[in-house]
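Take a look at the letters that make up each chain.
There are 2 protein chains.
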Amino acid sequence: MRVDIGNALASVASPGVSRDALDQLDETVARAHERIERGRADDEFGYASLNLPERTDAAAIEDAVEPLTDAEAILTVGIGGSALGAATVSQALGGLSADGENADAAPLYVLDNVDPARVREILAEVPLDRTAVNVVSRSGTTAETLSNFLVVREAMEAAGVDWTERTVVTTGEEGPLRELADRHDMPALDVPEGVPGRFSALSAVGLVPAAIQGHDIEGLIEGGRAGADSLAGSLFESPAYAYGAVSYALDQRGASITAMMPYEERLEYFAEWFAQLWAESLGKDGLGQTPARALGATDQHSQLQLYRAGPRDKMVTLVRARERADREIPETDIDGLAYLGGSSLGELLDAEFEATEASLAAAGRPNVRIELDRLDAESVGELLYGMEAACILAGELYDIETFNQPAVEWGKRAARGLLGGGDFEEADAVAEKTELLVK
Amino acid sequence: MRVDIGNALASVASPGVSRDALDQLDETVARAHERIERGRADDEFGYASLNLPERTDAAAIEDAVEPLTDAEAILTVGIGGSALGAATVSQALGGLSADGENADAAPLYVLDNVDPARVREILAEVPLDRTAVNVVSRSGTTAETLSNFLVVREAMEAAGVDWTERTVVTTGEEGPLRELADRHDMPALDVPEGVPGRFSALSAVGLVPAAIQGHDIEGLIEGGRAGADSLAGSLFESPAYAYGAVSYALDQRGASITAMMPYEERLEYFAEWFAQLWAESLGKDGLGQTPARALGATDQHSQLQLYRAGPRDKMVTLVRARERADREIPETDIDGLAYLGGSSLGELLDAEFEATEASLAAAGRPNVRIELDRLDAESVGELLYGMEAACILAGELYDIETFNQPAVEWGKRAARGLLGGGDFEEADAVAEKTELLVK
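Top line first, the protein sequences correspond to chains D and X. For the first sequence, my numbering gives the first residue as 1, with consecutive numbering after it. For the second sequence, my numbering gives the first residue as 440, with consecutive numbering after it.
Read the hints as simulated data drawn from the structure, not as lab findings. Every residue, glycine too, gets a C-beta built ideally from N, C-alpha and C. Take these hints with a grain of salt, some might be off.
To be verified - Which residues of chain X face chain D? A few of them, derived with a C-beta cut under 10 angstroms, are:
1. S536
2. A582
3. G785
4. L857
With the sequences and hints as input, model every part of the structure.
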């Protein structure tokens with residue numbers, strides 16, 4: 001993973017960071033790195049996330065899912081950190097159902113919402129007797145996940161399928177899912193201790209579906225290890241810290257939005273994963289940089305006008321892999337299009353990448369480039385680890401609590417109360433909505 | 440379509456708009472409405488978009504696509520406004536390929552990027568001899584669209600398929616695609632005059648795939664008509680103007696980000712479509728409100744921490760349909776989850792909607808509710824029209840040029856230059872990239 005922060009410099013962009021300011025910031029980065037390393041050495045809550053490449057037992061995951069590797073479809077039932085890492089990994093390496101048929105991998109369906117129409121569609125589509133169900137919830141009580149699980153279980157029972165033979169559970173040491181797994185002798189993997197969901201991609205939480213699909217999960221972990229090896233006490237020597245430090249510095253100078261724009265269809269979910277990582281970790285105490293998900297080249301025709309000519313309140317991150325399978329564009333005699341003929345889609349995509357990057361710089365809009373050699377397990381693992389480390393570094397620089405998410409509890413209590421799951425004052429507040437209806 | 444702006448009031452939120460300020464703003468809204476009506480009466484460039492429900496000839500579209508209605512798959516080759524409207528309509532009414540099999544509609548694949556791996560995947564998946572190709576480009580020279588079209592055409596030829604019998608073209612009066620359609624006697628529909636791509640959903644541009652799929656395009660247009668009928672010289676009487684005016688007012692007070700959060704999986708693409716509409720129209724001269732795409736309930740577990748506890752720089756729009764197909768949650772004896780049993784996924788989704796809305800209000804974060812009766816053609820048409828009208832009103836309030844997108848030209852010239860399509864100084868700038876590489 002290589003990070004080029006040249007277009008974030010004050011000599012190029014406004015907001016931009018001067019070379020002097022980066023040197024100054026680097027002293028704080030050095031101290032932050034020491035703090036992070038101490039946290040890792042103690043396996044401290046949150047910092048332990050950066051130890052996953054050492055802790056995650058790929059063989060144990062592969063053993064646990066072995067009985068399910070003949071599955072023709074995989075259903076991940078989870079939400080947030082319990083789904084986004086898995087979806088990201090499976091899409092990047094191939095096999096997300098939304099991307100269509102894949103000769104090499106059973107398609108992964110992600111049941112991460114409680115829209116009844118969608119749940120019904122998915123249950124009608126998958127061959128229930130040849131589907132592996134992967135339920136993920138640390139607590140075992142996540143309302144959406146458990147509701148969907150109950151529905152999936154009932155659908156399987158109605159279809160005469162023994163769900164206990166088709167299910168793998170990833171959960172904490174205790175809770176309803178752990179009890180269910182024990183009672184029915186189902187494969188059960190551990191949500192890693194001390195690792196918030198959004199940091200758990202390089203654990204069973206993110207790797208089980210990929211393992212069922214036969215992907216190279218050791219390679220992903222190896223990539224994470226390479227990411228760990230590249231951490232250093234200077235942003236100039238650590239791509240991950242360069243990214244985190246520059247994002248923070250740009251936010252300090254007004255770039256309150258960070259647009260994550262991979263030029264890879266297979267990294268579209270990565271941008272979603274990044275959005276949770278960045279938003280949920282850094283959105284604290286009135287601080288935080290808002291992630292905006294984008295995709296190149298598509299969003300040049302949607303967002304680029306705003307990025308170039310709107311408020312100077314954003315940074316754009318462009319991500320690409322240097323090696324790719326390609327497809328020639330045939331020669332053509334169509335007037336004005338001859339220049340495309342004989343080129344290739346990959347060359348066009350690369351030209352768009354460089355043109356968009358340069359167009360942002362020409363408009364003085366800060367942007368950062370992230371490059372991978374190719375989209376393989378090692379590179380993807382290194383990318384995910386790198387973003388996690390960048391986020392943790394940014395959390396140190398902001399001086400916020402990176403590893404919790406207290407603001408989501410209010411809504412959980414309100415929803416539970418509305419459904420009759422207890423007496424919560426939050427539910428009463430719902431009834432007191434201020435209304436100004438226009439129709 | 441009903442819009443509730445109660446939670447955007449200063450009595451609830453900060454930033455928030457006082458009732459007095461709304462009354463004051465309403466005078467400007469009245470003048471803006473007059474300006475818009477004048478523009479419509481003259482079919483003026485851009486304002487003509489709001490005349491589409493009167494102009495769009497559903498029968499002509501259905502006639503043009505009639506030979507293709509036996510298609511088992513549809514390939515829309517287009518980008519930006521030439522793809523997002525179609526994808527939105529087909530997803531909302533059913534039949535986007537990414538959403539899986541649909542008993543009622545041939546799946547729509549959207550080729551809106553030049554990622555060679557993805558293009559190859561799609562071409563390998565669709566039955567080329569039973570696929571309808573829908574090429575959309577006003578100019579007929581959009582690089583990504585024409586490159587993809589050349590590749591698709593070659594794939595069909597290689598498969599022994601007469602592409603001229605399987606293709607419908609939507610383009611301007613002139614240009615390479617119009618010439619191609621004339622030369623090969625292919626069905627050709629008009630990109631409407633005076634309507635920028637992002638405002639063209641209720642024209643052939645957005646409706647052709649839905650027509651092939653057998654959806655109720657008259658209903659969509661009828662919904663647009665209802666939207667037009669609901670425009671009035673006061674934000675208190677026009678849901679669309681309420682939405683546009685409040686979004687503008689909140690941005691003036693610091694809500695520079697607008698998170699569009701439908702609680703409908705079938706409106707996920709709607710949020711993408713909205714993002715182009717809002718960003719590309721309003722991102723001018725250092726102004727503009729940045730759209731962030733979100734989805735309920737999923738993103739409660741991703742973005743809500745930031746929305747509630749991050750900077751006070753955003754508004755959130757929650758969208759739902761009141762009637763929906765539902766799915767019961769089975770009774771359960773699992774400890775602590777009994778409250779879910781006997782409820783339904785729809786009730787849970789509604790509880791999450793109301794809880795999230797209330798949780799934002801409790802944290803003083805401005806939010807707006809948009810409700811539809813159900814997700815049918817009329818409601819979807821009204822929603823799309825309403826957002827377009829809201830956007831045009833906002834453009835009047837910002838005093839910017841709503842209907843162009845000049846900032847995207849630089850990158851187009853640079854990309855063309857890089858591919859040898861002419862001498863453009865922008866391409867030279869690409870080679871002068873400032874580099875600060877960390878690896």
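| Proposed interface contact between A582/X and chain D, which counts if any beta carbon pair is under 10 angstroms | holds (6 angstroms)
| message | L857/X was flagged as interface toward chain D. Is the shortest Cβ-Cβ separation under 10 angstroms? | response | Check passed: Cβ of L857/X comes within 4 angstroms of chain D, closer than 10 angstroms.
| query | For the hint on G785/X, does the least C-beta distance to chain D fall short of 10 angstroms? | reply | holds (5 angstroms)
| said: Given a cut of 10 angstroms on the nearest C-beta pair, is the interface hint for S536/X held or broken against chain D? | reply: With Cβ-Cβ at 7 angstroms, under 10 angstroms, it holds.
Taken one by one, the earlier hints all hold for this structure without exception.
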